[in-house]
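Student: Line by line, the protein sequences are chains Y and X. Per full-length UniProt numbering: the first sequence = residues 1 to 403. Per full-length UniProt numbering: the second sequence = residues 1 to 281.
Each statement offered as a hint is correct.
Pairs of lysine-lysine, DSSO-like flavour, derived with a Cα cap of 27 Å:
#, chain 1, residue 1, chain 2, residue 2
1, X, Lys194, Y, Lys22
2, Y, Lys278, Y, Lys336
3, X, Lys35, Y, Lys140
4, X, Lys18, Y, Lys96
5, X, Lys10, Y, Lys234
6, Y, Lys299, Y, Lys327
7, Y, Lys9, X, Lys18
8, Y, Lys202, X, Lys4
9, Y, Lys9, X, Lys4
10, Y, Lys96, X, Lys4
11, Y, Lys9, Y, Lys234
12, X, Lys10, Y, Lys9
13, Y, Lys96, X, Lys10
14, Y, Lys345, Y, Lys315
15, Y, Lys100, X, Lys18
Hints were generated in silico from the structure; no laboratory data involved.
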Amino acid sequence: MEEKEVLIKVENLSKKFCKDLKTSLWYGVKDLCSNIITNKNHDVNGVLRLKEFWAVKDINFELRRGECLGLIGHNGAGKSTLLKILNGLINPDEGKVTIKGRVCALIELGAGFNPILTGRENIYNNGAVLGFSRNEIDLKVEEIIDFAEVREFIDMPVQNYSSGMKVRLGFAVAAQMQPDVLIVDEVLAVGDLGFILKCFKKMDQLLPHTAVVFVSHSMPMIARVSNQILFMEKGEAAFQGKEVSKGINSYYSRFNSSDQNTMFDDGTVSLIKYSINKKNNATLQRGEDLNIELEMEFKEQNLNIPFIYIEFRDKEQRPIAAVFSEKMNIEFIDKKLIVSIKIPKVLFAQGVYTYDLSVSHHENKTPILRINNVDVFQIESETEMWVPFHLEADWQITGKPND
Amino acid sequence: MELKITVYQKTNNKRIGKLLRESFSDMYSSRFLAKQLAIRDIKAQYRQSFLGIIWAFITPLSTALVWIILSNSGTLSLTDTGVPYPVFVFSGTLLWSIVIDAINAPMLNTNGARGILSKINFPKEALILSGVYKLISNSLIKIVLLLFFLIVYKVGLHSSILLFPLAFLAIIFFGTTIGLFITPLGMLYNDVGKIVSLGLSFLMYATPVVYVIPKSGLLKTLMEINPLTPLLLTTRNLLFGQHIEYLAYYFGLLAACIPLFFIGLVFYRISIPIIVERMSA
Numbered sequence: 001m002e003e004k005e006v007l008i009k010v011e012n013l014s015k016k017f018c019k020d021l022k023t024s025l026w027y028g029v030k031d032l033c034s035n036i037i038t039n040k041n042h043d044v045n046g047v048l049r050l051k052e053f054w055a056v057k058d059i060n061f062e063l064r065r066g067e068c069l070g071l072i073g074h075n076g077a078g079k080s081t082l083l084k085i086l087n088g089l090i091n092p093d094e095g096k097v098t099i100k101g102r103v104c105a106l107i108e109l110g111a112g113f114n115p116i117l118t119g120r121e122n123i124y125n126n127g128a129v130l131g132f133s134r135n136e137i138d139l140k141v142e143e144i145i146d147f148a149e150v151r152e153f154i155d156m157p158v159q160n161y162s163s164g165m166k167v168r169l170g171f172a173v174a175a176q177m178q179p180d181v182l183i184v185d186e187v188l189a190v191g192d193l194g195f196i197l198k199c200f201k202k203m204d205q206l207l208p209h210t211a212v213v214f215v216s217h218s219m220p221m222i223a224r225v226s227n228q229i230l231f232m233e234k235g236e237a238a239f240q241g242k243e244v245s246k247g248i249n250s251y252y253s254r255f256n257s258s259d260q261n262t263m264f265d266d267g268t269v270s271l272i273k274y275s276i277n278k279k280n281n282a283t284l285q286r287g288e289d290l291n292i293e294l295e296m297e298f299k300e301q302n303l304n305i306p307f308i309y310i311e312f313r314d315k316e317q318r319p320i321a322a323v324f325s326e327k328m329n330i331e332f333i334d335k336k337l338i339v340s341i342k343i344p345k346v347l348f349a350q351g352v353y354t355y356d357l358s359v360s361h362h363e364n365k366t367p368i369l370r371i372n373n374v375d376v377f378q379i380e381s382e383t384e385m386w387v388p389f390h391l392e393a394d395w396q397i398t399g400k401p402n403d
Numbered sequence: 001m002e003l004k005i006t007v008y009q010k011t012n013n014k015r016i017g018k019l020l021r022e023s024f025s026d027m028y029s030s031r032f033l034a035k036q037l038a039i040r041d042i043k044a045q046y047r048q049s050f051l052g053i054i055w056a057f058i059t060p061l062s063t064a065l066v067w068i069i070l071s072n073s074g075t076l077s078l079t080d081t082g083v084p085y086p087v088f089v090f091s092g093t094l095l096w097s098i099v100i101d102a103i104n105a106p107m108l109n110t111n112g113a114r115g116i117l118s119k120i121n122f123p124k125e126a127l128i129l130s131g132v133y134k135l136i137s138n139s140l141i142k143i144v145l146l147l148f149f150l151i152v153y154k155v156g157l158h159s160s161i162l163l164f165p166l167a168f169l170a171i172i173f174f175g176t177t178i179g180l181f182i183t184p185l186g187m188l189y190n191d192v193g194k195i196v197s198l199g200l201s202f203l204m205y206a207t208p209v210v211y212v213i214p215k216s217g218l219l220k221t222l223m224e225i226n227p228l229t230p231l232l233l234t235t236r237n238l239l240f241g242q243h244i245e246y247l248a249y250y251f252g253l254l255a256a257c258i259p260l261f262f263i264g265l266v267f268y269r270i271s272i273p274i275i276v277e278r279m280s281a
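One chain only, chain X, in its complex shape (with noise of 0.2 Å):
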């Protein structure tokens, strides 16, 4: 039998396109040690906890229920929704949610990993992988919630919902593709991740999260530049059988994604090894 060859060297001279082979050609190969590591962080999540589940999805209903309050004690007043503003807000905060988790899943997972990382030599795409399937489960359960808002407030559910799975794979897909970029600084700065999860929650307010884009003015246009934007109202406006506006912002956003996750698995992995030896462990 043929064995495989192994080289490492400083100019590794590889064209992106074998790169990019090896990396989808890893990422396939390590589907079982993905769900084990998901598995691993799952169980070890909710083993040590007594209320487990609940924390995945207590932030943002603890958000919405702020937004409910200021709205219904008049502190606030704001533009009608077209759906129950309970709901409108409870679907804002648990979607943005889903998208803060999968831009922070690549750099939370890989960083969790430092133990393994500097001593065992595995496929890294396994990571990546790893924190998509805990991102799904973690947010079955938010999705559960969401669906039981809609019947309660009577939304219903419209026939648009079927496209909603697929609506919300995209906003894992974005959120992965713009960790992958902003994983490697981060592993080296802890700056980076402070900075991402204060920059979140200020763009919060820059998204139709708990209110609708206003008629004009210059929030209006900082909203329909966001590229969260339309990821947001899409995945929303499916939901609620709403007409969905900024189609094609979001179509052409999610085009964008895919050559740029394509070089955002790449740089992720030759800046592995680059990491590994700058770190600790």
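Same shape as in the complex, but just chain Y (with noise of 0.2 Å):
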């Protein structure tokens, strides 16, 4: 298949950004200087000054039309900046962007908003900001207001809508481009699920002809769009490939979460002892044997068994799978009561995955004890994938003549 056309470069781009206001500014003034008497100051590149840091660092990439990039990161790594860079809100320090067609940024949805006008006169000002003329808003506002779903409200001063009505306006409007270069910072949040469906819808209607870069704290939206992940960290590239998993995968890793927390305690049972295959923080490979064993101590004795749920959560603290004892009737001597769970074969996908353990009364599901994040595991595979579970399956696949 043919390659289809780049339409955005970006070689060795890199940023600088000042921490305190007052050098800031002061450098803005030298900035303004030095940019009128051009071809001056050219040492001082790729030199910070006093109080300066890279807030984006040597980034390069290629974009094809049908692309999406995935940029990803933690707060404060550079992204949004980068996003400003490639929609020519400000100038790189060092390197080059080159960009062909036009260029649509989801920023900030109905940024230009006026709050005491009406929703159909900001349909026209933000429209007319984004670049439409008046006969385009003119063809267009009726299927803008239905997209936004806002009819009934269209008339009223804009500061009394929802903070959803107004993303729903700003992509609504904004949605109307017909761009080649799309950029979309996490913007899309807001909206409740039938809006983000219907964002989605658009995004995949404008994918097959447009490059997208879409910025997103959101792995799941990731994973959808991209097919390719930039991962950045304190402005640099930390990971960038096209194995998307992977990336949103080196994403996880740098957080841990993984604190103990307990939720409820009566003060009856306490947890003493807790592993995983003998041992904490274990590592195993998918569909081997996951063996739990949990000690927990009984302040008080003639307490019947209680009822044990271990819920398992995924790197994005989704509750995945669980498993929960049967009612048995066992006397214990001892205060000391042993759980060993084993579940066999499991089927996790590759990543780092947590339980939580609550136990209640068998007879009225009253709380006795629950945990958060007991214990962390990993698990290996040779394949990497972002869903939580990677199937056993038997795959048949036969040629069949036409008949």
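Got two chains here, each in a separate frame; can you build the complex from them with the hints?
Tutor: This is the structure:
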């Protein structure tokens, strides 16, 4: 297949920011002067002035029509700065960006809305800012109102809109553009599910004809639309490539929220020991058996065996699977209770998982003890997937002649 | 169809001519945007106000009133102005307020657009153009008021008044040129705006706004140097049908403004990304 044209080309892109406002403003004045007397300050490039740091450092990528780059990274990693450079709002300090075609940037939806004007008036303003002509807006205004689903309130001042409604209206206007390059910064998070699905549908329509740069903290969204990942850390590319799952996993691996949390404790039971395959922070292969061993101490003696519930979570803290105990009648002599749970052939995909423990009375389900993030374990596998389960399957694919 | 290629890099080693061409083509293509922005601001300005349009001329009128009272009560004795003093002072303060508005317009509009400047890439020249639109619309009411005074005080309408619209546009042109140079620094430091408004309030007394140029003395020299003097005097004299002094200075000033305006536009254009980078929003 013929490769499509490159729409975005980013070469050695770097940008400095200043940590101190006063200094920053002063540098601004200097930059103003040096920009007028061009061709000076060549030697200053690439050198940090006092109190400066690299907000974006040495970023390179190429994006063709029909491709989507998922830009991920922690807060303050330089994602938005990169987007602002791509959108031409600020100039890079080093390197070069070459963009072909019409750019549409959804950095903040509804920017420029005037709160005391009505929705309809703001459609015209926002449309004008985005580069539409009056005729174009006249033609599209009904479509925009329908897409945003705010017809009832379209002649009401925008200050009375909910934040979700504003975003809807902003997106509806922006969605009318037919860009060659689409830049999306975490803007869809405010809308409700119905709206997000609608946005995705719109993006899916645009994608084949567009090069998309998509920023989000929601990995499901990233995984859904991107076909390559740029993971930024402190302005630099920590991971870059077409293996989306690998990129997402490297993003997750930077978070260690593995602190044990006792959410509820009525004082009768305490967890003394826990292990997975005899270890803490165990690592096992996908398809191995998972053996959880818990040791609990009871402060009161005549207690029935409680109901034990274990819930597994993936790195995004999504509950993905659970096991719970059957009712058993065992008398225990000691004050201690040893619980071992064997889960055969665990099919979790590669990644880090945790589990929560909850202990409650069998009869009325009143809680006794609840601990989140009891233990962390890692599953290793040859294939990297970003979904939590890699199921076993028998495949049969046969050819069949045409009837 | 050939796609437009945009390049962003540090050393935008561009020729001033190319920048100027881009600036003008952006200004031309952003007519609708500029109009829309102007309509937005004018609507918003009046929708949230009961007195609405009165605010456009209340300040110059009240300044004029103070001077009329000072003069009538004999506290100040002023040289004869050739027209009834109230007309002289009203026309002076109204025209002066147009000058001030014109100088402040680019900065006010650019500052008001902070929210979109840091989020949407649009032709920034639209802000300048919308400022001009707003100036014209806000000044129209002042001009109507001025004509009203001319008739009430029996100064009458002279044929030279037909040239007044041109002189009015010249004021806007002059003010915008100055404003373009102030804006980039003013966006970075609040001090600039304050210094400008302070300076202008002093400058008013070195301009024949509320009194004529004295026959001799330091003030006469100052007033004759002050570039706002020919600007204001010529416009006012056209209104009153009086003899126009300082005509050479007036045309010289406007001629000097033409290259300055072009340089100002280019300066504005290259400074916006630097400002966006340094400002909050």
